[in-house]
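Going down the list, the protein sequences come from chains A and B.
Position 10, counted from 1, in the first sequence is what the working numbering calls 10; the numbers after and before it change by one each time, with no gaps.
Position 136, counted from 1, in the second sequence is what the working numbering calls 1136; the numbers after and before it change by one each time, with no gaps.
Among these hints, one or two may not hold up.
A short, non-exhaustive set of chain A residues, derived as facing chain B with CB atoms under 7 Å [said to hold, decoys possible]: (1) Asp-60; (2) Ile-61; (3) Ala-62; (4) Thr-72; (5) His-93; (6) Arg-94; (7) Leu-97; (8) Pro-108.
Chain B residues, not near chain A, derived (Cβ > 10 Å throughout) [what the hints assert, rightly or not]: (9) Glu-1006; (10) Ser-1037; (11) Val-1048; (12) Ala-1062; (13) Val-1063; (14) Glu-1068; (15) Ala-1092; (16) Pro-1096; (17) Leu-1097; (18) Thr-1181.
Because the hints were derived from the structure by calculation, they are not lab data.
Positions of the beta carbon are idealized from the N, C-alpha and C atoms, including for glycine.
Number of protein chains: 2
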Amino acid sequence: MQGELERALGQVTGEPVRIVLAGRTDAGVHATGQVISFRSGTKVDPLVIRRGVNALLPQDIAVRDLEEAADTFHARFSATGRAYEYRIRAGAHREPLERHREHWVPQPLDEGAMERAARDLIGRHDFAAFATGPLEGRSERDVRVAGWRREGTLLRFGIEANGFLRGMVRAIVGTLLWVGTGHTAADRIGAILASRDRAQAGPNAPAAGLCLVEVKYEGDAGETSDEDEQR
Amino acid sequence: MQGELERALGQVTGEPVRIVLAGRTDAGVHATGQVISFRSGTKVDPLVIRRGVNALLPQDIAVRDLEEAADTFHARFSATGRAYEYRIRAGAHREPLERHREHWVPQPLDEGAMERAARDLIGRHDFAAFATGPLEGRSERDVRVAGWRREGTLLRFGIEANGFLRGMVRAIVGTLLWVGTGHTAADRIGAILASRDRAQAGPNAPAAGLCLVEVKYEGDAGETSDEDEQR
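Pulled out of the complex, with its shape left as it was, chain A reads as follows (with noise of 0.2 Å):
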């Protein structure tokens, strides 16, 4: 995605480009809401650029919007906030038409003890047992919205941290399906948290399901972070 979004701006813009990236999202995962920064000389329309641009890119990634940034805009360390969405298809059949972003469970789920753990989420804690791969720095993260919505079968989790630990969130929600298949006791969260253990915490949830739905900065949220977002 960095690469052929790197490739497309530089040739429209006639000069390298390196982007920086508000979320970094892995294979699979996708994104709705990704911001991106560069810094250009170019003196090319920004409308001009997003057309050329989304002409070059593939079809799988395009440009929303294009605007100049005050020089101290960095769309990684300005951002203030994360946030993800998890979709499950929680029915008797898959969805053959939404596969490819979701995540189907045929399993009956209790969605009061999922809901209830998924509370326990919400606040400053230490996320170390739900990171993939080694620490890179702090492993505290600030949770201020965690919770299920129900639409027809498709249930739909929405989290919003300061940033987000690399597999953070995909390792979330497989706790989640632990406690909905009756696997974990819904007041396990806490004492996963405490032991700072990946072990303690389900497997990651498959990447089809996640997607990057928002980055927020100041003004957004009122509040600045220089976390690292390592999702």
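Use these hints to put chain B onto chain A, whose structure you have.
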């Protein structure tokens, strides 16, 4: 699709199965409301057959429901109507996550003209001008519903008829896009129908935007039809 379903059904029921589809769908066309029928001497419970078949089917096909029908039921000949939807993304950029099921049109569209033209399709007409390939049998069809609905930047064209000729919906949408972009006047539909000449209508809109959303049977529609479904 037919082959995969017949293989899976044959494996689960333990006997060769030939299925009948209510509506044919070309490669790349989706279906959320396809109906099939087959004869079987199996004693296996329909719920068990459905689960077994869904476990064997590839990820892009799923059986939602399976039930025993009257001996006279035939998915294709018992159908009294079919409803298709065509999705157009009318906006400045593509929607990458929806790219498999919609057609992106970046040009401005005159939606009022497209709606007026759509209305002229309603009624019993000879749709030979909108058929792909040689006609098999009669080319009159009763279009009961044809119209556009906007949701944000998504334009949804819904059309319902007793049956459709091969390629008919895609040719209609291609023609309505000609109207929307000013290539063809909104009041030309009657003349195109009267011409019975495929060259008068617009090009087939891409398959990806099309979806068979419902098949209607006696009781739903109150009208029997022996029309062949050729789309």
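The hints, checked one at a time:
A hinted interface residue such as A/Asp-60 counts as satisfied when its beta carbon comes closer than 7 Å to some beta carbon of chain B; here the least separation is about 5 Å, so the hint holds. For A/Ile-61, the shortest C-beta to C-beta distance to chain B is roughly 6 Å, which falls under 7 Å, so the interface hint holds. Below 7 Å, beta-carbon pairs count as interface contacts, and A/Ala-62 has one with chain B at about 4 Å; its hint therefore holds. At about 27 Å, the closest approach between the beta carbon of A/Thr-72 and any beta carbon in chain B exceeds 7 Å, and the interface hint on this residue is violated.
For A/His-93, the interface hint holds, since its Cβ comes within 7 Å of a Cβ in chain B; the closest pair sits about 5 Å apart. The restraint placing A/Arg-94 at the interface with chain B holds, with a minimum CB-CB distance near 4 Å, inside the 7 Å limit. The closest approach between the C-beta of A/Leu-97 and any C-beta of chain B is roughly 6 Å, which is under the 7 Å cut-off, so the hint is satisfied. A cut of 7 Å between beta carbons decides the hint on A/Pro-108: the least distance to chain B is about 14 Å, and the hint is violated.
With 10 Å as the threshold on Cβ separation, the claim that B/Glu-1006 sits away from chain A holds: the shortest Cβ distance comes to roughly 18 Å. With a closest Cβ-Cβ approach of about 19 Å to chain A, B/Ser-1037 is found to remain outside the 10 Å limit, as its non-interface label requires. At the 10 Å boundary, the C-beta of B/Val-1048 stays outside the reach of chain A, the nearest C-beta of that chain being 13 Å off. Annotated as non-interface, B/Ala-1062 brings its C-beta within 10 Å of a C-beta of chain A; the closest such distance is 4 Å.
The Cβ of B/Val-1063 does not lie farther than 10 Å from every Cβ of chain A; its closest approach is about 7 Å, which violates its non-interface assignment. For B/Glu-1068, the condition that its CB be more than 10 Å from all CB atoms of chain A holds, with the nearest at approximately 18 Å. A beta-carbon of chain A is positioned within 10 Å of the beta-carbon of B/Ala-1092; the least distance is around 8 Å. Some Cβ of chain A comes within 10 Å of the Cβ of B/Pro-1096; the nearest lies about 5 Å off, and the non-interface call is violated.
Not every beta carbon of chain A lies more than 10 Å from that of B/Leu-1097, the smallest distance being close to 6 Å; the non-interface claim is violated. No Cβ of chain A approaches the Cβ of B/Thr-1181 within 10 Å, the least distance being about 18 Å, so the stated non-interface status holds.
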